[in-house]
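Between the sequences and the hints, there should be enough to build the whole structure, so can you do that?
Protein chains in written order, with my numbering: chain D, 1 to 693; chain R, 1001 to 1107; chain H, 2001 to 2166.
Calculated from the structure, these hints are not laboratory results. All values reported here derive from a predicted model rather than from experimental measurement. There may be inaccurate statements among the hints.
What the hints assert, rightly or not - Computed footprint of chain H on chain R; a stretch qualifies when at least three of its residues, placed anywhere within it, have a C-beta under 8 Å from a C-beta of chain H:
no., segment
1, 1013–1021
2, 1044–1053
3, 1086–1098
Said to hold, decoys possible - To list a few chain R residues with every Cβ distance to chain D over 12 Å, as calculated:
no., residue
4, Pro1006
5, Leu1024
6, Thr1025
7, Ile1032
8, Gly1035
9, Ser1057
10, Thr1060
11, Asn1061
12, Ile1072
13, Glu1079
14, Leu1105
Here a beta-carbon is modelled for each residue, glycine too, at the ideal position from N, C-alpha and C.
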Amino acid sequence: MNTLFVPLTIKKSLWLIPCLPLAGAVVNGLLGRRLPARLIHFVGCASIFISFLVSVAGFFTLLSIEEPQQRFLIQSLYQWILTVWYQGSFSLEVAFRLDPLSMTLCLVVTGVGFLIHLYSVGYMAGDESQGRYFSYLNLFTFSMLLLILADNLLLMFVGWEGVGLCSYLLIGFWFTDLEKAQAGMKAFIVNRVGDFGFFVGLMLLFWTLFEASNGSMTGLGFQQLREAIPLLGSASPILGVGVATWVALLFLVGATGKSAQIPLYVWLPDAMAGPTPVSAFIHAATMVTAGVYMIVRLNFLYVAAPAAMAMVAVVGGVTAFYAATIALTQNDIKRVLAYSTISQLGYMFLAVGVAAFSTGIFHLVTHAFFKALLFLGAGSVIHAVHSNDMQEMGGLKKYMPHTYLTFMVAYLAISGIPPLSGFMSKDEILWATFNSHLTVAGLGKALWGLGLLTAGLTAFYMTRLIALTFMGSFRGGSEKEKHLHESPAVMTLPLMVLAVLSAVGGVIGLPAITHLPNLLHDFLGPVLSSHGTSGHQAHAYWLELLLMLISTGVATSGIYLGWLFYVKRPELPGQVAARFARLHRLLFEKYYVDEVYQTLFVRPILKMVALSGRFDLNTIDGAVNLSSRVTAKFAFLIGWEDLKIVDGAVNGLADIFKRWGAALKHLQTGRVQHYLYSVVLGIFGLCVFMFIF
Amino acid sequence: MPYSLPSFLVVSSLLFCLGMFTVLTRRNAIGILMGIELVLNGAGLNFVAFSRFLEPSQTTNLLSGQLFTLFIIAVAAAEVAVALAIVLSLYSRMKTIDVEDFKELRG
Amino acid sequence: MKDIIFNVFILLTVIPCFWVALSSNIVHAAFSLLITLFGVAGLYVLLGADFIGVVQVIVYIGGILILIIFGVMMTQRGKLLPLSIQLPGKVFGAVLTGVILVALVLTATKSLWPVASILGEPQPTSAAIGDLLLGKYLIPFEVASVLLLVALVGAVLIVRRSVRGE
Chain D
1 MNTLFVPLTI KKSLWLIPCL PLAGAVVNGL LGRRLPARLI HFVGCASIFI SFLVSVAGFF
61 TLLSIEEPQQ RFLIQSLYQW ILTVWYQGSF SLEVAFRLDP LSMTLCLVVT GVGFLIHLYS
121 VGYMAGDESQ GRYFSYLNLF TFSMLLLILA DNLLLMFVGW EGVGLCSYLL IGFWFTDLEK
181 AQAGMKAFIV NRVGDFGFFV GLMLLFWTLF EASNGSMTGL GFQQLREAIP LLGSASPILG
241 VGVATWVALL FLVGATGKSA QIPLYVWLPD AMAGPTPVSA FIHAATMVTA GVYMIVRLNF
301 LYVAAPAAMA MVAVVGGVTA FYAATIALTQ NDIKRVLAYS TISQLGYMFL AVGVAAFSTG
361 IFHLVTHAFF KALLFLGAGS VIHAVHSNDM QEMGGLKKYM PHTYLTFMVA YLAISGIPPL
421 SGFMSKDEIL WATFNSHLTV AGLGKALWGL GLLTAGLTAF YMTRLIALTF MGSFRGGSEK
481 EKHLHESPAV MTLPLMVLAV LSAVGGVIGL PAITHLPNLL HDFLGPVLSS HGTSGHQAHA
541 YWLELLLMLI STGVATSGIY LGWLFYVKRP ELPGQVAARF ARLHRLLFEK YYVDEVYQTL
601 FVRPILKMVA LSGRFDLNTI DGAVNLSSRV TAKFAFLIGW EDLKIVDGAV NGLADIFKRW
661 GAALKHLQTG RVQHYLYSVV LGIFGLCVFM FIF
Chain R
1001 MPYSLPSFLV VSSLLFCLGM FTVLTRRNAI GILMGIELVL NGAGLNFVAF SRFLEPSQTT
1061 NLLSGQLFTL FIIAVAAAEV AVALAIVLSL YSRMKTIDVE DFKELRG
Chain H
2001 MKDIIFNVFI LLTVIPCFWV ALSSNIVHAA FSLLITLFGV AGLYVLLGAD FIGVVQVIVY
2061 IGGILILIIF GVMMTQRGKL LPLSIQLPGK VFGAVLTGVI LVALVLTATK SLWPVASILG
2121 EPQPTSAAIG DLLLGKYLIP FEVASVLLLV ALVGAVLIVR RSVRGE
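Next up, the structure:
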């Protein structure tokens, strides 16, 4: 294939990737009520599938470009903003950028997205708002793709906000249930706090660069920003801290909001109120990874602000451990998975915090596979049992074999058992953390230890989940037991595809000791500025092998303990919980963080709302009512005027006509001579006229 | 009055105006009819006078005026016939031909 | 000599007109009309329209006027009706027609008529008129005959209905 021809056509069709789902959203949104369910499903799934195909075409196009540094395609659609003032100018285009980083995420979002759309066809069958559901889902995909493909920060922000909005719409999908609606609101509001940080960071970044470059900085495109970053060093520090660090920290705030890290993670567990495919897509594979993606996109910024990077790593490591501890005690199957997601996202943050950017993306990809699979499997289980509570499940492995088998694959992956994908990516993170050189000496090793511990906890609580759900005997009562069935093929097929991906997906990022190329690492290379992790090839291979063995050991012991506690001797958990009742209570109540936030933030704001409501009622409504009374009085005057004057005019006119008619009536005498008279008068008039003029 | 065109025209004007006056002032229906005859005669006289005195033109014949008068006479005959028929019908219905009495079309 | 005859005929035409207009006796009016018509016929002859003059006498006087007199006789009921409208109407009419008369006379006398410089001797016109009627003026001739037919039928219809209606 002509290498020049294909890039051109793909370059011109980049807009298709985000806009096809948008079209699907519009069609299903506007016509959803009137279309038959099959058509809605077709539109929703087909748009994503074609988007996926275009992404694949884009992938091969990128590969066909020989020079790695040249591997990017930019399609500019139109000029969005263009302002020129005497000091400089600001120009922003709506442009899409396809480079290895966005390509990877595009494939994940469209590929996994398609599988989840397919699953949703089965899961949401019978729901009365099919059109709305698929419309929102497509709209979300559009926003996410916009975020990924954006060529400048502002357009990315548009997508950023868009996914927040769609998340709200989808979490509160069954809005008639107050709790679910409130969960949606919580998600949106917490997200907003993060968005605020993002936007302030964006403004600070641009303004500093603008001043430092004496007005030659004209936009927010990523290429531009990358080249302009050194200027940040020359800007004067604010409050003793460099501007680059401030900007990076502010963006980190945004990332914690979107990716559910401490302190803005509180919305994710509640977000499980939405339909399970939504949880799988948005809150496992895509939206929550937006924060990670953003940090990787701005890798040049973070590399210039090492203190902020250390912060990122710490936040990631601590959150990973913290969330894993909460997951130990939860009974709702989806909540366990939610906290697990938070924990795994923590791993990703840890990775990017130690400048292992491609590793972070690697874990993002593998996590998308197995976490989506876990959620979809959980959805399958919930669909059969009609309950989220694991205490009412059990022994499902004989009723739902496909679900069970695929679930097992994901479970092994997340627990970090080689050679599945989860092991590959998690281990790479741990290795990078161990070797990292963060601002605080020894922090890398400490975080490695934390990560290791978390891996053990992960294996433990996942084993617990498996044991409670699939092993043993069914605890939900014999009535329900009669209705237990495997899900239809449209739901189990995506599960199988994801299982395969979870199993073999690790092949794209093989560790160095195998002497096989790390495909993802090489693919992403040109986009990332720091390749410090490639330096680890200089270290001895034996250290890496040793660490791999340690992490595998920890994972295995976690699984063993889980098996022990929940299969072999099921009375143990109760005993341990009683022994450490206070600790157990703390973990079960999620460290009371929600309650703290409620008192610190939510209640004061609600008080202010009530206050301003009263103000509105008294002052403003009072003013409006007063003006309405005055108008009423005026209206009376106007009515009088209308009656007298206007009616008078109309009646007067009619009167004139009557009188004229009465007067002219006399002309018609009925006598012919008189009529002849008028003829003669006419002649008379003519003569006079002629003679005068 | 000399034998010239203006004198004939004055005569026909007199006939016309007196005829008009008759039409306007007579109460008898047949009187009105007689006035109409006077008017027609005045017009006819005009035509013949013009035919005699005016320069012959290329489009009209020397005798065109006389032919006009001939047709006027024919038309007058037809008109009188019908008018008298109407008057007689009126008379047989109303027993009078005083135009002052015919007021049924009054507005 | 010619002028004297001319003036006589003028007087013959004009003076009975006043009688027709102002007379209170309808029969007198009818007979004055007769004399006027004779005068007009004479004037026609003086103008060289011999055929027309004769037609005037035959048709107008012999036909139309006879009809009018018939009409007068058949609609008289013994007592003589007041024949003219009241005086105010008469004055008004007189004024109007007077003004019109003045206008016409002024037009007639003051205008520059394109009069032929040499007046030829009057020729007999019958043959010429006959030629014209059946030649150039054939259509008006035919139309006139249709008109007469229509008038005839119409008159009969009108009278018949009223007679039958009684």
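These are the hints, each one checked on the structure:
| no. | hint | verdict |
| --- | --- | --- |
| 1 | 1013–1021 | holds (count 9) |
| 2 | 1044–1053 | holds (count 7) |
| 3 | 1086–1098 | holds (count 11) |
| 4 | Pro1006 | 18 Å, holds |
| 5 | Leu1024 | 6 Å, violated |
| 6 | Thr1025 | 8 Å, violated |
| 7 | Ile1032 | 7 Å, violated |
| 8 | Gly1035 | 10 Å, violated |
| 9 | Ser1057 | 25 Å, holds |
| 10 | Thr1060 | 25 Å, holds |
| 11 | Asn1061 | 30 Å, holds |
| 12 | Ile1072 | 19 Å, holds |
| 13 | Glu1079 | 15 Å, holds |
| 14 | Leu1105 | 4 Å, violated |
Hint compliance for this structure: hints 5, 6, 7, 8 and 14 are not met, and every other hint is.
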